[in-house]
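A.B. asks: Here is what each chain is made of, one letter per residue.
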Amino acid sequence: EAGVTQFPSHSVIEKGQTVTLRCDPISGHDNLYWYRRVMGKEIKFLLHFVKESKQDESGMPNNRFLAERTGGTYSTLKVQPAELEDSGVYFCASSPYGDEQFFGPGTRLTVL
Amino acid sequence: AQKITQTQPGMFVQEKEAVTLDCTYDTSDQSYGLFWYKQPSSGEMIFLIYQGSYDEQNATEGRYSLNFQKARKSANLVISASQLGDSAMYFCAMRELNAGGTSYGKLTFGQGTILTVHP
Numbered sequence: 002e003a004g005v006t007q008f009p010s011h012s013v014i015e016k017g018q019t020v021t022l023r024c025d026p027i028s029g030h031d032n033l034y035w036y037r038r039v040m041g042k043e044i045k046f047l048l049h050f051v052k053e054s055k056q057d058e059s060g061m062p063n064n065r066f067l068a069e070r071t072g073g074t075y076s077t078l079k080v081q082p083a084e085l086e087d088s089g090v091y092f093c094a095s096s097p098y099g100d101e102q103f104f105g106p107g108t109r110l111t112v113l
Numbered sequence: 004a005q006k007i008t009q010t011q012p013g014m015f016v017q018e019k020e021a022v023t024l025d026c027t028y029d030t031s032d033q034s035y036g037l038f039w040y041k042q043p044s045s046g047e048m049i050f051l052i053y054q055g056s057y058d059e060q061n062a063t064e065g066r067y068s069l070n071f072q073k074a075r076k077s078a079n080l081v082i083s084a085s086q087l088g089d090s091a092m093y094f095c096a097m098r099e100l101n102a103g104g105t106s107y108g109k110l111t112f113g114q115g116t117i118l119t120v121h122p
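Sequences listed follow chains L and G, in order.
Using my numbering, you'd call the opening residue of the first sequence number 2 and step up by one each time.
Using my numbering, you'd call the opening residue of the second sequence number 4 and step up by one each time.
Treat the hints as calculated values from the structure; they're not laboratory data.
Just so we're clear, the structure is a prediction, and the values are computed from it rather than from any experiment.
We put the CB at the ideal spot given by N, CA and C, even for glycine.
Hints may contain errors.
[Stated by the list, open to error] From chain G, some residues computed to sit far from chain L (all C-beta separations above 12 angstroms): (1) A21; (2) E47; (3) N61; (4) K73; (5) E99; (6) T119.
[Unchecked claim] The calculated lysine-lysine pairs, modelled on DSS-like cross-linking and capped at a C-alpha distance of 27 angstroms, are: (7) L/K42 x G/K76; (8) G/K73 x G/K6; (9) G/K19 x L/K45; (10) L/K55 x L/K42; (11) L/K16 x L/K52; (12) L/K42 x L/K16; (13) L/K16 x L/K79; (14) G/K76 x G/K6; (15) L/K45 x L/K16; (16) L/K79 x L/K55; (17) L/K45 x G/K73; (18) L/K52 x L/K79; (19) G/K19 x L/K42; (20) L/K45 x L/K79; (21) L/K45 x L/K55; (22) G/K6 x L/K55; (23) L/K45 x G/K6.
Excised from the complex, chain G in its bound form (with noise of 0.2 angstroms):
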């Protein structure tokens, strides 16, 4: 089975600086998808940054990226350049293949880690 750890329950990060959430996953499938989402106190899942399993390159989109390091079966996300508004919890989430192998189904989540960003 699938499995997604995210070890840092919160994070605290000081404006304008660089932070890293950790995510490291577990699966037996050879091509999966990576994904971070954002949730901030409104609710809404927001989708971030996507990283494939056969992208040789590292995924980024704007002051996001994700720091793939496959062989070590981890996903980090970091943000540069903090902003109060990127004060939220944040969830890693991988894509599997469903039972027939024929189309992208379900994403099994980590806890989510609880972003803090201080002025």
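The following block holds chain L by itself, in its conformation from the complex (with noise of 0.2 angstroms):
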């Protein structure tokens, strides 16, 4: 069975230009969160889907961020502009019933 997987796994952008990261959960699994860590800091929650519905988006730092999950399987975040201290790892994971979360390998993105 495919684990989750994440594209790209490394971005380059300038600042202010637009950069989409895509998530492909394990197939099956309902739930689906993205997480960010940014240099030398703890991982920290962005938003939660059950299926195509946002169950909690309260960690979204702003509305440059602007996630999606199409017909409940594959799921986007998109940050525009973007800017510097967005640079950081973007996780995405996913779980059956919101029990045990499998986490893909991450994205790096550094904004210049």
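With the hints as a guide, dock the two chains, each given alone in a separate frame, to form the complex.
C.D. replies: If you want it as structure tokens, here you go:
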């Protein structure tokens, strides 16, 4: 069974540009989570989907971040426009029932 | 709000010895779960062990065990017989119930502890 996959693995962009991160959860997992870790700090929750619905988006830092989950399958996280402080590693995790969360390898975003 | 504290930024251990990584938590929930994840230099997050707040026995998974002391709100990870491949960042995390209390939601993470195993 394939694990959680994320694309791209690395992204380097200029401040002000747009970046879209993608997460493909484990097939059949209704719960999908986004987290991020900025340099030297703890991993922080961004939001939680149950199927295509946003269950909890309390961790989204501001309206430059937009997350979608089309048809309850894969999810995208768009940052527009990107700022320097958005640099970090963005993790996606999925879970069948909301218990154990299986993490993807992360996307390392660098904003210059 | 829930909070996880890992007070050891870095730990060193000799190969084949045991090591304890500290984790304390703060929550007003009665029902919660505690997790430990390992993040090697390759970056992926690997689930190690889980302890439910109502579990009476300490969780064990192979060389990993969780020393759960509910009254002290601590959930320390014990790694026995350390191996060179155990060198990594280790995160303690707590699972919350969502606002409606109907399903489990986000994880709250500690700052992490970097473990280095010496040969």
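A.B. asks: Which hints from the list above does the structure break, by number from lowest to highest?
C.D. replies: When the structure is compared with the hints, numbers 2, 5, 9, 11, 19 turn out to be violated.
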